[in-house]
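Novice: This is what each chain is made of:
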Amino acid sequence: MSSWPTETKYISHSTARIDAPAKLTGKARYASDIQAEGWLYGMILRSKWPAAKILSVNLDKARQLPGIKAAVVAREGEFNVRYYGEEIAAVAGTSKQACLDALRAIDVKAEVRHEFVVNETDARKSDSPQVWDGTPNAPATPHVRENGSVDTAFPECAAVIEGFYTTPVQIHNPMETMGNTVSWTDEGVTAWASTQGIASVRDGLAGALQVDHSQVRVITEYMGGGFGAKFGAGAEGVLAAKLSKAAKAPVRLMLTRFDQALAVGNRPSSFQKIKMGALADGTLHAFEAENYGTAGIGGGADAGGGGGGADIPMPYLYKVPNTRVKQSAVAINAGSARAFRAPGNPPASFGMESAMDDLAVKLGLDPLEFRLKNDPNPIRQREYKMGAEKFGWKNKYQKPGSSPGIVKTGIGCAGAAWPAGGGSKSTQGEAQINPDGSIEIRLGVQDIGTGTRTVIAVVAAEILGLKPEQITVRVGDTNFPPGPGSGGSTTCPSVSPTVFDVCQNALQQLQAQSGLADARGENWFAACKKLGVNPLVVHGKWQEGLSSSRAAGVQFAEVEVDTETGLVTVKKILGVHDCGLIINKVTLESQINGGIIMGMGYALYEERVMDDLSGVVLNPNFETYKMPGIADVPDIEIILVNMPERGVIGIGEPATVPTAGAIANAVANAIGARVSSLPITPAKVLAALGKVPPPVNA
Amino acid sequence: MKAFTYATAHSTASARELVADNGAYLAGGNDLLNLLKEYLVSANILVNIKSLPGLDKIERGEKFWMIGSLVTVAQIEDDQDIKKVFPSLHAAASEVASQQIRNVATVGGNLAQHSRCWYFRQRDTVCLKKNGDLCYARNGENRYHSLFTGNTCISPVVSSLATTFAALDATAIVLRDGKETRLSMAELYHRAWENPLAHNSLENGDLILRVEIPTARTASAYLQISDKHAFDWALVSCAAAAEIENGKLKSPRVALGSISPVPHQVEAANSFLDGKVLDEATATQAADMILKDAKPLEHNAYKVPLAHALIRRTLLKLKGDA
Numbered sequence: 145m146s147s148w149p150t151e152t153k154y155i156s157h158s159t160a161r162i163d164a165p166a167k168l169t170g171k172a173r174y175a176s177d178i179q180a181e182g183w184l185y186g187m188i189l190r191s192k193w194p195a196a197k198i199l200s201v202n203l204d205k206a207r208q209l210p211g212i213k214a215a216v217v218a219r220e221g222e223f224n225v226r227y228y229g230e231e232i233a234a235v236a237g238t239s240k241q242a243c244l245d246a247l248r249a250i251d252v253k254a255e256v257r258h259e260f261v262v263n264e265t266d267a268r269k270s271d272s273p274q275v276w277d278g279t280p281n282a283p284a285t286p287h288v289r290e291n292g293s294v295d296t297a298f299p300e301c302a303a304v305i306e307g308f309y310t311t312p313v314q315i316h317n318p319m320e321t322m323g324n325t326v327s328w329t330d331e332g333v334t335a336w337a338s339t340q341g342i343a344s345v346r347d348g349l350a351g352a353l354q355v356d357h358s359q360v361r362v363i364t365e366y367m368g369g370g371f372g373a374k375f376g377a378g379a380e381g382v383l384a385a386k387l388s389k390a391a392k393a394p395v396r397l398m399l400t401r402f403d404q405a406l407a408v409g410n411r412p413s414s415f416q417k418i419k420m421g422a423l424a425d426g427t428l429h430a431f432e433a434e435n436y437g438t439a440g441i442g443g444g445a446d447a448g449g450g451g452g453g454a455d456i457p458m459p460y461l462y463k464v465p466n467t468r469v470k471q472s473a474v475a476i477n478a479g480s481a482r483a484f485r486a487p488g489n490p491p492a493s494f495g496m497e498s499a500m501d502d503l504a505v506k507l508g509l510d511p512l513e514f515r516l517k518n519d520p521n522p523i524r525q526r527e528y529k530m531g532a533e534k535f536g537w538k539n540k541y542q543k544p545g546s547s548p549g550i551v552k553t554g555i556g557c558a559g560a561a562w563p564a565g566g567g568s569k570s571t572q573g574e575a576q577i578n579p580d581g582s583i584e585i586r587l588g589v590q591d592i593g594t595g596t597r598t599v600i601a602v603v604a605a606e607i608l609g610l611k612p613e614q615i616t617v618r619v620g621d622t623n624f625p626p627g628p629g630s631g632g633s634t635t636c637p638s639v640s641p642t643v644f645d646v647c648q649n650a651l652q653q654l655q656a657q658s659g660l661a662d663a664r665g666e667n668w669f670a671a672c673k674k675l676g677v678n679p680l681v682v683h684g685k686w687q688e689g690l691s692s693s694r695a696a697g698v699q700f701a702e703v704e705v706d707t708e709t710g711l712v713t714v715k716k717i718l719g720v721h722d723c724g725l726i727i728n729k730v731t732l733e734s735q736i737n738g739g740i741i742m743g744m745g746y747a748l749y750e751e752r753v754m755d756d757l758s759g760v761v762l763n764p765n766f767e768t769y770k771m772p773g774i775a776d777v778p779d780i781e782i783i784l785v786n787m788p789e790r791g792v793i794g795i796g797e798p799a800t801v802p803t804a805g806a807i808a809n810a811v812a813n814a815i816g817a818r819v820s821s822l823p824i825t826p827a828k829v830l831a832a833l834g835k836v837p838p839p840v841n842a
Numbered sequence: 002m003k004a005f006t007y008a009t010a011h012s013t014a015s016a017r018e019l020v021a022d023n024g025a026y027l028a029g030g031n032d033l034l035n036l037l038k039e040y041l042v043s044a045n046i047l048v049n050i051k052s053l054p055g056l057d058k059i060e061r062g063e064k065f066w067m068i069g070s071l072v073t074v075a076q077i078e079d080d081q082d083i084k085k086v087f088p089s090l091h092a093a094a095s096e097v098a099s100q101q102i103r104n105v106a107t108v109g110g111n112l113a114q115h116s117r118c119w120y121f122r123q124r125d126t127v128c129l130k131k132n133g134d135l136c137y138a139r140n141g142e143n144r145y146h147s148l149f150t151g152n153t154c155i156s157p158v159v160s161s162l163a164t165t166f167a168a169l170d171a172t173a174i175v176l177r178d179g180k181e182t183r184l185s186m187a188e189l190y191h192r193a194w195e196n197p198l199a200h201n202s203l204e205n206g207d208l209i210l211r212v213e214i215p216t217a218r219t220a221s222a223y224l225q226i227s228d229k230h231a232f233d234w235a236l237v238s239c240a241a242a243a244e245i246e247n248g249k250l251k252s253p254r255v256a257l258g259s260i261s262p263v264p265h266q267v268e269a270a271n272s273f274l275d276g277k278v279l280d281e282a283t284a285t286q287a288a289d290m291i292l293k294d295a296k297p298l299e300h301n302a303y304k305v306p307l308a309h310a311l312i313r314r315t316l317l318k319l320k321g322d323a
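So the protein lines, in turn, are chains A and B. Just so it is clear: in the first sequence, position 546 is 690 by the working numbering, and no numbers are missing. Just so it is clear: in the second sequence, position 31 is 32 by the working numbering, and no numbers are missing.
Hints listed in this document are in silico derivations from the structure and should not be mistaken for laboratory results. Just so you know, even glycine gets a beta-carbon here, dropped at the ideal spot from N, CA and C. Hints are supplied without guarantee of correctness; some may be wrong.
Stated by the list, open to error - Pair by pair, the computed Cβ-Cβ distance ranges are:
# : chain 1 : residue 1 : chain 2 : residue 2 : range
1 : A       : Q614      : B       : S99       : 39 to 47 Å
2 : B       : G276      : A       : P837      : 51 to 59 Å
3 : B       : A269      : A       : K506      : 45 to 53 Å
4 : A       : L168      : B       : N152      : 51 to 59 Å
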């Protein structure tokens, strides 16, 4: 079996992104920068009703407007829309304004349904309007998983807590919105996509447009983040293709933030009723939970990476011998869910880790000791100990609410797991080695901003004895050998072993052809020169034994809470993470920073707000859909646990899992009361402290 | 947005003439352009007023300062004299939006900005403020809404400069029907108190020329709390200003933002504070008076304790600065 070199020059060290100059100078072309010859703007008309039967869509007036080159319907004939923002039609034109005018000129005849529901709790009631006619919004009986006997176990517990922990729907808002430029001609379809999966976009487009896979080429030179939302072409990709065919021109259809809030998938909400008990020695003994959440009108079709549904892993992380877990999804008139960075895990972590601290308090135990007692994972055990030392847990920990003064400090911690994060076995790649010594590595993967190009250069440089800047990396094109979709934290463990294999094969052949015993490093150019006039092209594929899965991590948080205003200020986050063999430290740390900041948003700011009466999303913008800004971001410290013996493991997802739980626990520790609902806003902190008067007209 | 024509005015008279019945003045454009893009406002002409002479000046008099309506929020934030003479104004300016927005946002635009109520801003919701027959917020998502109102609409004033100007007893000088009209901050917003359609008392064609601030209140302070630490609207804002004579407050004024359609001021509390030595108990009593008639709804009751804390802190800060 293959194995990684033990002495390394680049692997496990830091190499700056090889594409940093291109990004910094604006030379890097993102999907939204593409200007294909003769391109048009595309825009989508969305339902302004949360529920309606669309009787007819008349595009005639829109088509006649100056600058408008095409208009198409989203679906033929009569159809139902089930949420505010569902696609009805689309137009393509020579300017944004022409498209906007055209959208207003589309005549939609609809039978508006005033019966709809956008609130999860209301939707569960038996008299609720039904999202899907004839089908209850929630199943009559949730599905139940049971182990041991909770009914006999609870009376045996020394302490039992009950809590209701809730998390909101989180909206996908990558830096670059969803979208594509699509050109559909008689020769085939070319899509410049902002995607995490060039292959899945190709297959999706081919299916939707009824053309052969071989007729579709997808290109993603650069893209601005996906986080689970961007595996397929999406309704917007298919509409762009149809518009392109009708207009006989490439159509660029990038969504707006308004669109993002409605119809690109999201992280489902969770409403977790948890009862948990432990024995006198602090051993977890019984866990009972009932959870429901909404995936909107249903799990999305683009649930690549798993987890388009509303279920979450329960009980999370810890070993409990007696468990009963009931879960159900509830449909509401809202955009469907989609994979979202570590699907299911951040809400599960928030619920479970909150319950852990609440139970530790009841038992009179230090919450860290309580975790060490019950966490079965040896890596997290190690990480908790390393982190506690660095964080100064013992010195900082005070009994809940005992911090003096009006502005109170508190600390908390939480753990992360990610079941996947291994490699995709079908990954292939190729290298072209030219007689002048230049080398190009081609792989049909996409760099979603995590530094995949750099990872490829680092691995190749290491194996070939070259420098990373000598490696030309080509990715983001379905014409290259097939690579993985970038989801489930699988990219690095898919790509690294593949590049390893490509380079080993390259060395072998180069040595055979050149007659040099070792073509690496200083012999490289001499060896390449012996190729004569023809470049050497070698293939390789993913190899067993160089990667694995199941990253583990823990995070510690320190917060200040103003008990008069409710304002939470995060002072410090310490993340201790394992991801097996580290390939490139600096981009790894960057992903952990990003995960922590995203987790902070989940903890303190982000929440989709819908209006019960009108069924609309009230915060489809960054003004009121709040996300952390640099002023909110604390001192972030990262300890990396390098475990080369485990091979390469992805980090993207575990890095964001425990942040909200750790912050929530730090807040509870500071104020001596639990805010059991995310996001933890000043309003909720003041309510938890019992300071909010009852409403006047309640 | 709908099509419009565009002109640049070089005198206030021509600006007024150009804007006519259906035009809008364009300065920083932060609010106006968004309103136009969302079809919340329509104008057949945008009159660029950035070239109007003299309105971008800060005049520093002994008894009064004049802040031109084209002075940017960033100019206020960066002015070291303002930091000394009107610390509350400096603090309020530095909390406005982001640096990029402050660089172009003007004093006039900040005062004249429209409601940020998310039902008003939602493109498909026809609320009371848009001539509909219902305030959706009243029984809906009202976490950012008012504790006080004189009508059914509960959209609050969000201009932090207005809050500060109210505490400093500043006057807006508005060109109306060819004459300079003086409006206190209470007057500038009064119509929004009684009429759900109004964002302020400005009438079509009114042009804010400058704000006149008396220098008498040498102590002033401003505080706001938002969900986030920067680039976020205040959940509640509070400004206070006074003279301090022998350790006692003279002519004190307190105003709050984001809890009423107008800068919230209670004259009884101002009178109560007059002549008092500030301490925790006095500040608490004043806060009680200021919030006495608050009518919290389902999701905004937290603003009561939050406002209470801010009033006390702002008042005590006044003492510290004296």
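Novice: Does each hint hold? Answer for all of them.
Specialist: Checked hints:
no.	hint	in the structure
1	A:Q614 with B:S99: 39 to 47 Å	42 Å, holds
2	B:G276 with A:P837: 51 to 59 Å	31 Å, violated
3	B:A269 with A:K506: 45 to 53 Å	48 Å, holds
4	A:L168 with B:N152: 51 to 59 Å	53 Å, holds
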